[in-house]
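Read top to bottom, the protein sequences are chains A and B.
94 is the number of the first residue of the first sequence in our numbering; add one for each residue after it.
303 is the number of the first residue of the second sequence in our numbering; add one for each residue after it.
Bear in mind the hints are in silico, worked out from the structure with no lab data behind them.
All values reported here derive from a predicted model rather than from experimental measurement.
Any given hint could turn out to be false.
[Unchecked claim] Derived DSBU-like pairs (lysine-lysine); straight-line CA-CA distance at most 35 Å:
#1 K408(B) x K356(A)
#2 K149(A) x K356(A)
#3 K408(B) x K602(B)
#4 K149(A) x K209(A)
#5 K602(B) x K371(A)
#6 K253(A) x K277(A)
#7 K356(A) x K209(A)
#8 K602(B) x K612(B)
#9 K356(A) x K602(B)
#10 K371(A) x K356(A)
#11 K371(A) x K253(A)
#12 K408(B) x K277(A)
#13 K253(A) x K408(B)
[Said to hold, decoys possible] Examples of chain B residues lying across from chain A (beta carbon under 7 Å, computed):
#14 G418
#15 L468
#16 I594
#17 L596
#18 L600
#19 G603
Even glycine gets a Cβ: it sits at the ideal position worked out from N, Cα and C.
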Amino acid sequence: MGELLQYFLSGLTSGAIYALIALGFTIIYNATEVINFAQGEFVMLGAMFMATFLGKMGLPLPVAFALSVGLTALIGILVERLTIYPARGASVITLIIITIGVSILLKGVAMFVWGKDSLAVPAFLGEEPIRLFGATIIPQSILILVVALVAVLGLEFFFKHTLTGQAMRACAANRLAARLLGIKVEPLVLLAFGVSAGLSAIAGVIISPITFATYDMGTMLGLKGFSAAVLGGLTSSFGAVAGGFLLGLLEALAAGFISSAYKDAAAFVILLLMLFLKPEGLFGQGEIKKL
Amino acid sequence: MKLNYGIWASLALVLFVFGLSNTNDYFFNVLNVLGLNSLVVLGLALLMGYAGQVSLGHAAFYGLGAYTSGILTAKYSLSPLLGIGAAQAVVLVSALLIGLPALRLKGHYLAMATLGFGVIVHVLFKETISLTGGPSGLVGIPPLQIFGFTLLSSREYFFLIWSLVLLILLFSLHLAHSPFGRALLALHDSEAATQALGYDTSRLKLLVFLLSASFAGLAGSLYAHFAMFISPTSFTFLHSVKLVTMVVIGGVASLWGALLGASVLSILPEVLTVFEDYDVLIFGAILVTIMIFLPDGLLKGLNNLWQKRKTHG
Chain A
94 MGELLQYFLS GLTSGAIYAL IALGFTIIYN ATEVINFAQG EFVMLGAMFM
144 ATFLGKMGLP LPVAFALSVG LTALIGILVE RLTIYPARGA SVITLIIITI
194 GVSILLKGVA MFVWGKDSLA VPAFLGEEPI RLFGATIIPQ SILILVVALV
244 AVLGLEFFFK HTLTGQAMRA CAANRLAARL LGIKVEPLVL LAFGVSAGLS
294 AIAGVIISPI TFATYDMGTM LGLKGFSAAV LGGLTSSFGA VAGGFLLGLL
344 EALAAGFISS AYKDAAAFVI LLLMLFLKPE GLFGQGEIKK L
Chain B
303 MKLNYGIWAS LALVLFVFGL SNTNDYFFNV LNVLGLNSLV VLGLALLMGY
353 AGQVSLGHAA FYGLGAYTSG ILTAKYSLSP LLGIGAAQAV VLVSALLIGL
403 PALRLKGHYL AMATLGFGVI VHVLFKETIS LTGGPSGLVG IPPLQIFGFT
453 LLSSREYFFL IWSLVLLILL FSLHLAHSPF GRALLALHDS EAATQALGYD
503 TSRLKLLVFL LSASFAGLAG SLYAHFAMFI SPTSFTFLHS VKLVTMVVIG
553 GVASLWGALL GASVLSILPE VLTVFEDYDV LIFGAILVTI MIFLPDGLLK
603 GLNNLWQKRK THG
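Starting from the given sequences, assemble the full structure and let the hints guide the process.
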């Protein structure tokens, strides 16, 4: 019982991280139909900034948090302006390679700025683990769940109840029709990149006390978040969150009951099964075939 | 489009003369790696450029070729030629297993499925330690032996690898100009129209997928014997990406473009090593710049610039 609960808790923690990253993928995909392979690097940047502002400079937690997320969002916007916007209308594979190039570039810059060693980030709430029905959970994990939940709900509010958010959903549904209604699409695409990068940065910030910050931490996290997004259907933000938690839980169970060595493979086995059995994902809409 | 034997023959001649006259082992090593990449990229160009199917997992086939050859010859003392045969069998069977369900998917989804396959295979290389040696790699792979003759020097491998590249290039050029190749091009433009012409498109896709996996597996086997040591770091997702980039950067739908892309991306890192830690950074920047400004690839892009200059001047 305690063992199962332990897997469940660790699955929820990593699931929350995957959910945030998957949401980032979904937002950019909905705005531009680009799969952004540089998404993981935004996670890394969030963690790196946190290591600098909180770990090195010792700024107060809220300030360090806001600076890390804000700066990464700004970088997200720059990425759109400098690389995606000039190449709009290019083929799927060209855009994939551009984002992969951006990912390599960001990783290179991070290695240059912060070096190759992992940087420590102090825990936000203290290190004393909490006992819970025979399982333990560290305070940082609870914080991860809370922050992820707040971020998801905040985003939901933004998309459903603000004019800008509704305009973004209109653009995702039908860009031309949105334009005809007088919605300016370009600033919204910029905003989408900012929000998406910011969300991923939040994931990086809250996970950094557990994993520490390293320049190459983003790749695997990005790919996992991407699997979660596919699992949830790539276009649905509810699906992305559900996909993230589902992936985290299945992965933790696979690591616990089968072998922790194959933990990284588990996520992709799930991805393949999903693609082969139901490629539109759990909550996505099937693509309409055009001739 | 006419088959151009002239360029092929001049390439063969240049390589032959270089192979005889060059005495610098470093150059041989760089060109050998380029040759191995070319083998993989020729298959990928047929798959991507002609049939229009993306694979982000070809490093897995390259790795399966390398590990099957490596394990069978290093641990079970099989002769290298038999090892290459066995590696081809392993690669083809896994390509069949992954290709059958994956090739029904399109665009992004096919890219994701092949990506997932690549990551899983990489984890297997890393974790089945008793078989593959795990992260520290597989040692003790013997050099290649063909009919009693052992290949030891970089020059000997240069002649072997590049003969194979030239042969496979010739084969691929012929294939591209055959009815099969034209059917693939049609498939690239419209699957429905190709079906309407009476082609079994799923079979076409599977055949070219198997072919490209087989080229990659062969390159992997040769790599294992040439380097005599393999480790999982050579067969990562990033390597798959690099292979795809070679095809795209040279110009999709052109075998010559693919070779150009392979040359640029194989030689560039060697040149960039003078920048030491900056090399990744510059590599990323060059990649993004080329894709933004020459989305059709180097071959076509440079050709267009050349045409423009001619009409202006």
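(message) For a quick check of understanding: which of the numbered hints are violated here, in increasing order?
(response) Going through the list in order, the structure violates hints 5, 9, 15, 17, 18, 19 and respects the others.
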